[in-house]
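Visitor: So the protein sequences, as listed, match chains A and B.
Mapping of the first sequence onto this note's numbering: position 302 corresponds to residue 302, and the numbering continues sequentially without gaps.
Mapping of the second sequence onto this note's numbering: position 259 corresponds to residue 259, and the numbering continues sequentially without gaps.
These are calculated hints, taken from the structure and not from any lab test.
Short, incomplete list of chain B residues facing chain A, as computed with Cβ under 7 angstroms: (1) V44; (2) I124; (3) L129; (4) Q226; (5) K260; (6) A267.
Glycine is no exception: its CB is placed at the ideal position from the N, C-alpha and C atoms.
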Amino acid sequence: MKQALAQQERSAAAERSRIRASLTPYLKNWELYVLISPVIAFYIIFEYVPMYGVQIAFKNFVATKGIWGSPWVGFRHFERFFDSYYFWRLIVNTVGISLYQLAVGFPVPIILALMINEIRQTRLWFKKVVQTVTYAPHFLSTVVLVGMIVMFLSPQSGIVNKLIVWLGGQPVSFMTEPGWFKTIYVSSGVWQQMGWSSIIYLAALSGIDPQLHDAAKVDGASRLQRIWHVNLPGIMPTVVILLILNMGSLMGVGFEKVFLLQNDLNLESSEVISTYVYKSGIIQSQYSFSAAIGLFNSVINFILLVAVNFSAKRLNQASLW
Amino acid sequence: MDRSRGDRIFDAINTLLLVLITFVVLYPLLFVLSASISDPSAVVKGDLWLLPKGVNFSGYAKVFGNNEILTGYANTIMYTLVGTAINLVMTVCAAYPLSRKDFRGRHVITAMIVFTMFFSGGLIPTYLLVKKLGMLNSIWALVVPNAVAVYNIVIMRTFFQTSIPYEIQEAASIDGCGNFRILLRVVLPLSMPIVAVMILFYAVGHWNAFFNALIYLSDRSKYPLQLFLREILIQGQMQAMIDMADDSLAKKLMEVEVIKYAVVVIANLPVLLLYPFLQKYFVKGVMIGALKG
Chain A
1 MKQALAQQER SAAAERSRIR ASLTPYLKNW ELYVLISPVI AFYIIFEYVP MYGVQIAFKN
61 FVATKGIWGS PWVGFRHFER FFDSYYFWRL IVNTVGISLY QLAVGFPVPI ILALMINEIR
121 QTRLWFKKVV QTVTYAPHFL STVVLVGMIV MFLSPQSGIV NKLIVWLGGQ PVSFMTEPGW
181 FKTIYVSSGV WQQMGWSSII YLAALSGIDP QLHDAAKVDG ASRLQRIWHV NLPGIMPTVV
241 ILLILNMGSL MGVGFEKVFL LQNDLNLESS EVISTYVYKS GIIQSQYSFS AAIGLFNSVI
301 NFILLVAVNF SAKRLNQASL W
Chain B
1 MDRSRGDRIF DAINTLLLVL ITFVVLYPLL FVLSASISDP SAVVKGDLWL LPKGVNFSGY
61 AKVFGNNEIL TGYANTIMYT LVGTAINLVM TVCAAYPLSR KDFRGRHVIT AMIVFTMFFS
121 GGLIPTYLLV KKLGMLNSIW ALVVPNAVAV YNIVIMRTFF QTSIPYEIQE AASIDGCGNF
181 RILLRVVLPL SMPIVAVMIL FYAVGHWNAF FNALIYLSDR SKYPLQLFLR EILIQGQMQA
241 MIDMADDSLA KKLMEVEVIK YAVVVIANLP VLLLYPFLQK YFVKGVMIGA LKG
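Let the hints inform the model, and build the full structure from the sequences given.
Guide: Structure representation (structure tokens):
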């Protein structure tokens with residue numbers, strides 16, 4: 001009896017010390033857990049609670065009843081959105097702007113980086129000037145950028161129309177003509193971001209082994225051949241990863257610039273999912289309907305990202321995860 | 001070193017194209033600057049191509065005489081200072097533990113944080129949350145929901161991992177430093193370049209932010225600069241400013257144009273002044289994040 005008790009006590013003591021041993025790595029770094037706890041709290045409250053709140057897309061949200069208490073309505077809001085007159089217009093505009101932007105805006109920074117990379121070592125000041133200038137517009141706010149677009153494209157006093165008239169053409173009302181919207185959106189984006197986006201490729205280029213270039217030179221490769229056969233393959237992994245990230249947001253045309261460039265006359269080609277969510281949700285307070293559209297959008301984005309990542313992995317061994 | 005003929009042609013074309021690109025990027029910026037200090041009638045008539053004509057600061061006088069713009073400026077400065085301070089503390093709090101190999105659970109926490117980059121609750125649930133927390137129409141709605149950015153945590157974590165030898169931290173720990181002290185006395189002083197980058201990224205973000213203010217603020221006296229800019233630049237609402245002058249309509253309309261250019265310059269001045277000093281840091285910062293993120 002006594003023996004059994006002692007045995008029990010021993011095993012309890014062993015158990016305690018085992019627990020203590022397994023806790024040691026945590027206890028030793030307790031300060032780190034204290035440090036990170038506000039961050040974890042932040043992500044739970046401001047990212048995961050809204051994910052929980054997404055269920056209002058399947059409910060008829062009534063503010064007084066709260067998210068939990070509001071009645072379920074299944075897919076009714078989704079059906080209403082799919083059947084609505086706006087549905088195809090929103091999809092076409094959102095995907096259209098994204099693809100246009102991808103087709104033009106994605107390759108330009110790569111080309112710019114390749115060009116900057118070819119500036120000779122003896123002319124570093126020129127490299128610096130090009131970089132300083134092309135990075136600068138990145139820091140303009142969207143409001144200012146759109147303000148500048150409006151001023152430059154104004155039919156009466158804008159410099160672009162002055163130029164068109166000077167060349168003997170007719171002034172174009174760029175901002176109110178739906179046909180121009182996507183081009184304005186994409187080209188101003190290229191203007192603002194090409195330098196900034198090229199930084200990543202320049203970093204990748206600086207990591208290419210110079211011996212590869214020397215070997216290519218010995219083999220008689222010209223400059224263009226070296227760019228094509230050494231530099232481009234060298235930055236390919238970076239290119240693929242950025243392409244995946246871009247594809248993942250194919251349906252996520254940023255709200256700000258589209259919203260600011262919009263006016264009643266160009267809505268036909270400028271209304272995208274995010275602006276529609278804002279208008280029906282925040283302005284008209286149709287919370288559930290709007291949340292349903294937002295959810296539809298996020299889910300498609302997420303599926304696209306996973307799909308593109310999967311195929312990139314198969315093709316190229318470069319992937320996000 | 002000898003350069004072949006092909007090489008020289010290549011260099012010439014490359015340089016020419018780069019000069020052209022640089023000019024295209026620079027031109028609108030210079031034009032805005034010139035227009036803002038030119039005679040309004042010259043701007044409207046289109047006599048202006050690049051250099052200012054009939055130097056005139058009436059646009060600036062009008063902007064600085066406008067109380068709402070000044071309020072917006074003050075609000076933006078406050079939001080930027082408070083917001084950036086919160087951002088910086090939160091980013092360090094996340095990045096430092098995650099950079100430590102002996103921090104148990106870092107993979108789970110990283111996964112939880114990174115997942116939010118790819119999927120989120122979306123606008124409406126977030127709006128309802130902010131509303132429920134009672135943050136509507138207060139500074140908190142602008143600084144708390146964006147307290148920290150995943151991408152910046154990754155950049156900073158990578159910097160801690162790659163640029164600060166773990167041996168230094170181990171040595172400090174053997175000397176009796178706790179984790180807090182290691183962070184404050186050893187790691188942070190060695191991380192000033194990345195801290196500068198973070199300050200620039202976050203501060204520019206707050207300075208330029210307009211969306212959260214648009215949806216969360218209803219009180220005009222709390223509006224940041226960008227919301228007033230939107231009214232002036234895009235919606236063309238500037239009654240308050242042009243009514244102050246009792247000149248002819250034509251002159252007013254001309255002034256409107258110059259006010260717009262002046263407002264653009266004023267809004268971007270702080271960022272443009274900071275930019276040259278921080279440039280060498282931010283390129284490094286982006287590269288760290290890009291290469292090893």
